[in-house]
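Asks: Spelled out from the first residue to the last, the chains are:
Number of protein chains: 2
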Amino acid sequence: MTDRPSDRLPVAVDAMGGDDAPASIVEGARIAVEQFGVPVVLVGRPDELGDTGTIPVIAASEVVAMDAEPAASVRKLKDSSVVRGAEAVRDGVASSFLSAGNTGAAMAASLLRMGRIKGVSRPAIAVPFPVLGSTDTTLLDCGANADCQPEWLLQFAKMGTVYTRTRSGIEMPRVGVMTIGEEAGKGNALVKATCELFEQTDWAAECGATFVGNVEGRDLMTGVADVIVCDGFTGNIILKSLEGGIGGALEAIKAALRSTPEMAATADIVDPVLTPLFDALDPDQRGSAMLLGTRGVSMIAHGSSTSSAIANAIRTADEMVEAGIVANVRAAFAAD
Amino acid sequence: MTDRPSDRLPVAVDAMGGDDAPASIVEGARIAVEQFGVPVVLVGRPDELGDTGTIPVIAASEVVAMDAEPAASVRKLKDSSVVRGAEAVRDGVASSFLSAGNTGAAMAASLLRMGRIKGVSRPAIAVPFPVLGSTDTTLLDCGANADCQPEWLLQFAKMGTVYTRTRSGIEMPRVGVMTIGEEAGKGNALVKATCELFEQTDWAAECGATFVGNVEGRDLMTGVADVIVCDGFTGNIILKSLEGGIGGALEAIKAALRSTPEMAATADIVDPVLTPLFDALDPDQRGSAMLLGTRGVSMIAHGSSTSSAIANAIRTADEMVEAGIVANVRAAFAAD
Chain F
62 MTDRPSDRLP
72 VAVDAMGGDD
82 APASIVEGAR
92 IAVEQFGVPV
102 VLVGRPDELG
112 DTGTIPVIAA
122 SEVVAMDAEP
132 AASVRKLKDS
142 SVVRGAEAVR
152 DGVASSFLSA
162 GNTGAAMAAS
172 LLRMGRIKGV
182 SRPAIAVPFP
192 VLGSTDTTLL
202 DCGANADCQP
212 EWLLQFAKMG
222 TVYTRTRSGI
232 EMPRVGVMTI
242 GEEAGKGNAL
252 VKATCELFEQ
262 TDWAAECGAT
272 FVGNVEGRDL
282 MTGVADVIVC
292 DGFTGNIILK
302 SLEGGIGGAL
312 EAIKAALRST
322 PEMAATADIV
332 DPVLTPLFDA
342 LDPDQRGSAM
352 LLGTRGVSMI
362 AHGSSTSSAI
372 ANAIRTADEM
382 VEAGIVANVR
392 AAFAAD
Chain D
62 MTDRPSDRLP
72 VAVDAMGGDD
82 APASIVEGAR
92 IAVEQFGVPV
102 VLVGRPDELG
112 DTGTIPVIAA
122 SEVVAMDAEP
132 AASVRKLKDS
142 SVVRGAEAVR
152 DGVASSFLSA
162 GNTGAAMAAS
172 LLRMGRIKGV
182 SRPAIAVPFP
192 VLGSTDTTLL
202 DCGANADCQP
212 EWLLQFAKMG
222 TVYTRTRSGI
232 EMPRVGVMTI
242 GEEAGKGNAL
252 VKATCELFEQ
262 TDWAAECGAT
272 FVGNVEGRDL
282 MTGVADVIVC
292 DGFTGNIILK
302 SLEGGIGGAL
312 EAIKAALRST
322 PEMAATADIV
332 DPVLTPLFDA
342 LDPDQRGSAM
352 LLGTRGVSMI
362 AHGSSTSSAI
372 ANAIRTADEM
382 VEAGIVANVR
392 AAFAAD
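Those sequence lines, one after another, are chains F and D. Numbering follows the working numbering, with no gaps: position 102 of the first sequence is 163. Numbering follows the working numbering, with no gaps: position 181 of the second sequence is 242.
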């Protein structure tokens, strides 16, 4: 339990989105309420949620399917859980919104219902990647904008700086640009134009960042930067490649550790050391991507999130609200 | 030892390129000759190579530094090991060229000295990714062309098809396009234009491929496609991200397995099962990227390649020559 005031607004949680929804979502909400003391309101079809205990429900009769076309779904399904959840934030009924459902729909609903922060051209998805023995490195955009302009990457750099300072307390985050060679001038046309733009402005000094220049894919999980910017096509492919690659590697190793009776017999010694490491390494299990640039906190969890991943994401949403992330981003763009 | 004729041409190996060059390169060449029966000629500064035993040396007095600007270096350093190595293939003195040095310089030297296959607009780097329990999935382009046109991706698909058939014996390789959503129409502007182009032509039937459409980053190491095409910016970032992410994860796990006396005591049981798995999973250790589209076999090894990785890359170069990869690519483009 936390010391925070008990009258604070609840996190609105899309009960209908996710591979094991609504069961895993309702269970995650219960954990967040009981173990973390975070108030929650579930959004979905009341008669499908089972026993939600003391957790209130905002009724929403429609569901956006995981593979539905996002923008059209949000336009059409006005009584869907993603639309109602985003509206709860807009209307001051909830502090923030979390969905493990259709990512595009959650993004579109958040953007349309909460609105954009003034000065932000395009919201971006920020995803923290684990760095062993250090704070996370945040990559953005991880999929909101497939094709980007240099000006947007500059805005991502600013939003990422504010996010990292707010989330991790790093006063002067180190910001890099993802590209394919460490030397200046290496990259595709977008990166080259972005680096030129970065040099023409005082953005880093203005928002309290240290610009570290070009970084490569291998730098993502080694802690050379706190924030790395890229277009949403590149970011999403990095995210999915690492989820698949590291997730697959860990699963194969876990299976091998049980593959013979002799291996299984080592479990008492091996598991206590390896399990926390596996958890720390698996980007798939961390699942607290955040949409930055909207006038309300919108968190995006992985479709395969377990109830404990959902509970952690709810806690993160609550923490980001308490830390004033929206006001902080707004302040960074106020001068623009 | 193989049954191949002993009069076949040697693989020209850049002795000066690589983090531990020339020592690890010379040692790798020795392994390739003695254990795999592959003839090798080393290229570099004779007085820096130490004892090369029976392995002949092509003298080259200059070295392109790992971080030098590729095109300018190749233009200027005409007696460098990468230029002389590529020339050995052009001149019929060597069957193929392998370098673990400056990738851009090895590429530029191969392209300039060997020339392009007619019909190929841009050579591309093909990298096989491990799929546990199955054949590799080949990703291209992994870095030769940062900005691409749809027509080039179509050519990459054809070259990847020929490469996979030649290397793995798969008659009808499954070819996908790397993007950020499985549904048709998902992706950035390049992917959308590429998919339209793919639908307008009979390329798959003509070159004996099965087009499987869009694939995502998480599909790279799960075997849903044999060949995946993307622009070189995206491909290089995927490659480096997975090298860093999986490599880092494996290192951390290896360290944990030795972190306490109790853990170390399990080594006799755990190592025989996990070590082969670690080797199979680590993209960093496989290191046999191939430049496709040049009129000669050009292989690119990782800068950090061990001598055994170099030996494997030499064997792969020899196998690709024997399998007729250049003639096969040429035939696929002959109709264009």
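Just so you know, the hints here were simulated from the structure itself, not pulled from any lab data. Among the hints, erroneous ones may be present.
A pair counts as met if it fits within one copy or between any two copies, since identical chains are not told apart.
[Stated by the list, open to error] Straight-line alpha carbon distances no greater than 25 angstroms define the calculated SDA-like cross-link-like pairs of lysine to any residue that follow:
no., residue 1, residue 2
1, Lys-315, Val-192
2, Lys-315, Phe-339
3, Lys-247, Gln-261
4, Lys-179, Glu-267
Asks: All hints are to be evaluated individually against the structure, with a verdict given for each.
Replies: Taking the hints in turn, this is what the structure says about them:
Taking CA atoms no more than 25 angstroms apart as the test, Lys-315 paired with Val-192 passes in both settings, with 21 angstroms inside one copy and 17 angstroms between copies. Taking identical chains as interchangeable, the C-alpha atoms of Lys-315 and Phe-339 lie at most 25 angstroms apart whether they share a chain (9 angstroms) or sit on different chains (12 angstroms). With identical chains, the CA atoms of Lys-247 and Gln-261 are at most 25 angstroms apart within one copy only, with a shortest distance of 18 angstroms there and 34 angstroms across copies. For the identical chains of this complex, Lys-179 and Glu-267 are intra-copy neighbours only, at 17 angstroms inside a copy versus 52 angstroms across copies, given an alpha-carbon limit of 25 angstroms.
Of the hints listed earlier, there is not a single one the structure fails to meet.
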